[in-house]
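S.K.: Build the full structure now, drawing on both the sequences and the hints.
Numbering (mature numbering (1 follows the signal peptide of the UniProt record, and there is no 0)), first residue to last: -20 to -1, 1 to 264.
Derived by calculation from the structure, the hints in this document are not laboratory data. There could be a bad hint or two in this list.
[Unchecked claim] Derived pair list, reagent style BS3-like, types lysine-lysine, alpha-carbon separation capped at 30 Å: (1) K191 to K220; (2) K191 to K247; (3) K112 to K243; (4) K148 to K221; (5) K106 to K128; (6) K220 to K96; (7) K247 to K96; (8) K96 to K185; (9) K152 to K106; (10) K152 to K247; (11) K259 to K226; (12) K106 to K247; (13) K247 to K259; (14) K191 to K106; (15) K152 to K220; (16) K98 to K259; (17) K186 to K148; (18) K98 to K112; (19) K152 to K185; (20) K220 to K106; (21) K98 to K247; (22) K247 to K226; (23) K128 to K186; (24) K112 to K226.
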Amino acid sequence: MKIHPYLAGITALACLAGYAAGEPAATPVAQQQQQAPAAGIVAAGTAAVEQAAGTGAVEQAAGTGAVEQAAGTAAVEQAAGTAAVEQAAATGRTAAAERTAGTAAAELELVAAAAKVKYAFPVRAKNVSFHKTHAGYPATDIFAACGKPFVAATGGVVVELSRVDRWKKGMKTGPYNGGKFVSILGDDGVRYYGSHLSTVNAGIKKGVRVKAGQQLGKVGRTGNSSGVCHVHYGISPACKKAGDWKVRRGVVWPATYLTSWRKGGHKSPASAVRAWHSKHGCRA
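M.R.: The structure is reproduced here in structure tokens:
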């Protein structure tokens, strides 16, 4: 049976008290026999306490380690998440920069191409004039005698034409107002449209390539021309390339460019057309 260390201590005190009172002293051997169990009990109790304390320390250390490990894991995960977000942001910035650079490069190429383009005044006649403005939308009426040559303002490709006058008196404003017409997509990326023609040249058809100054047709008064010989002239981006008559009839004022071409200059409407297209798309 194990004796609690506290009881062992009390027993020892009782022995001392007895000795002081004159009780017979135990022999050394007997004393050793009496003290040995008590000392063993004390040692066992001390060991038990130390073991318990050690166990607690170990458990505490284990708990601390677990907390530290969990905290470390969370820190690593947070760092990994932060790195992922930063990498995604950097990727987005790089992509945006590449798109911006690509757009700028494309615009520079168009500007460089337009700078090399040559232009010609659209009507070849000595007696010719044009209005600087137009009712309702940006365009110009170029006045000359019927039958005078209507020519390509620049090199390009024919994208649309009509050899038939489909306009009828009383019709609402629409795609047939111009009567007979030709439109080309210039090498500068601009669409040039001339209407109210009396005829369209036989060799002119969709997809044919033309040069600046090449004849496309003749000045006339077909369509809704009020019976006056002239060419309705419009400058625009080539949106649908066919049928988008509200854009085709003109979205950029031509007078500035016509004035330059008439004097032998080569002022290009390409940048003005691109700016309009960027702002409005293909809606006039």
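S.K.: State for each hint whether it applies.
M.R.: Against the structure, the hints come out as follows:
1. At roughly 23 Å between alpha-carbon atoms, K191 and K220 fall within 30 Å of each other, so this suggested pair holds.
2. Taking the CA atoms of K191 and K247, the gap is near 17 Å; set against the 30 Å cutoff, the hint holds.
3. Taken as a hint, the K112 and K243 pair is honoured in the structure, with Cα atoms around 16 Å apart against an allowance of 30 Å.
4. Of the supplied pair hints, the one linking K148 and K221 holds, its CA atoms being roughly 24 Å apart against a limit of 30 Å.
5. Of the supplied pair hints, the one linking K106 and K128 holds, its CA atoms being roughly 10 Å apart against a limit of 30 Å.
6. About 26 Å separates the Cα atoms of K220 and K96, which keeps this hinted pair within 30 Å; it holds.
7. Of the supplied pair hints, the one linking K247 and K96 holds, its CA atoms being roughly 11 Å apart against a limit of 30 Å.
8. A threshold of 30 Å between alpha carbons decides the hint, and for K96 with K185 the separation of about 26 Å falls inside it, so the pair holds.
9. With a C-alpha separation of about 35 Å, the suggested pairing of K152 with K106 is violated against the 30 Å cut-off.
10. This hinted pair does not check out: K152 and K247 have alpha carbons roughly 35 Å apart, beyond 30 Å.
11. Under the criterion of a C-alpha separation no larger than 30 Å, the hint pairing K259 with K226 is consistent with the structure, at around 16 Å.
12. For the given pair, K106 sits about 21 Å from K247 by alpha-carbon distance, which is consistent with the 30 Å threshold.
13. The suggested pairing of K247 with K259 holds, with an alpha-carbon distance near 22 Å, which does not exceed 30 Å.
14. Distance check on the hinted pair: K191 and K106 sit about 21 Å apart at the alpha-carbon level, within 30 Å; holds.
15. Distance check on the hinted pair: K152 and K220 sit about 22 Å apart at the alpha-carbon level, within 30 Å; holds.
16. Distance hint between K98 and K259 is fulfilled; the C-alpha atoms sit about 27 Å from each other, no more than 30 Å.
17. Of the supplied pair hints, the one linking K186 and K148 holds, its CA atoms being roughly 25 Å apart against a limit of 30 Å.
18. The suggested pairing of K98 with K112 holds, with an alpha-carbon distance near 22 Å, which does not exceed 30 Å.
19. The hinted pair formed by K152 and K185 meets the criterion: a straight-line CA distance of about 28 Å does not exceed 30 Å.
20. Of the supplied pair hints, the one linking K220 and K106 is violated, its CA atoms being roughly 35 Å apart against a limit of 30 Å.
21. For the hint pairing K98 with K247, the CA-to-CA distance comes to about 9 Å; that is within 30 Å, so the pair holds.
22. At roughly 25 Å between alpha-carbon atoms, K247 and K226 fall within 30 Å of each other, so this suggested pair holds.
23. For a cut-off of 30 Å, the pair hint linking K128 to K186 stands: about 22 Å separates their Cα positions.
24. Between the alpha carbons of K112 and K226 the distance comes to roughly 19 Å, so the proposed pair stays at or under 30 Å and holds.
When the structure is compared with the earlier hints, violations turn up for hints 9, 10, 20 and for no others.
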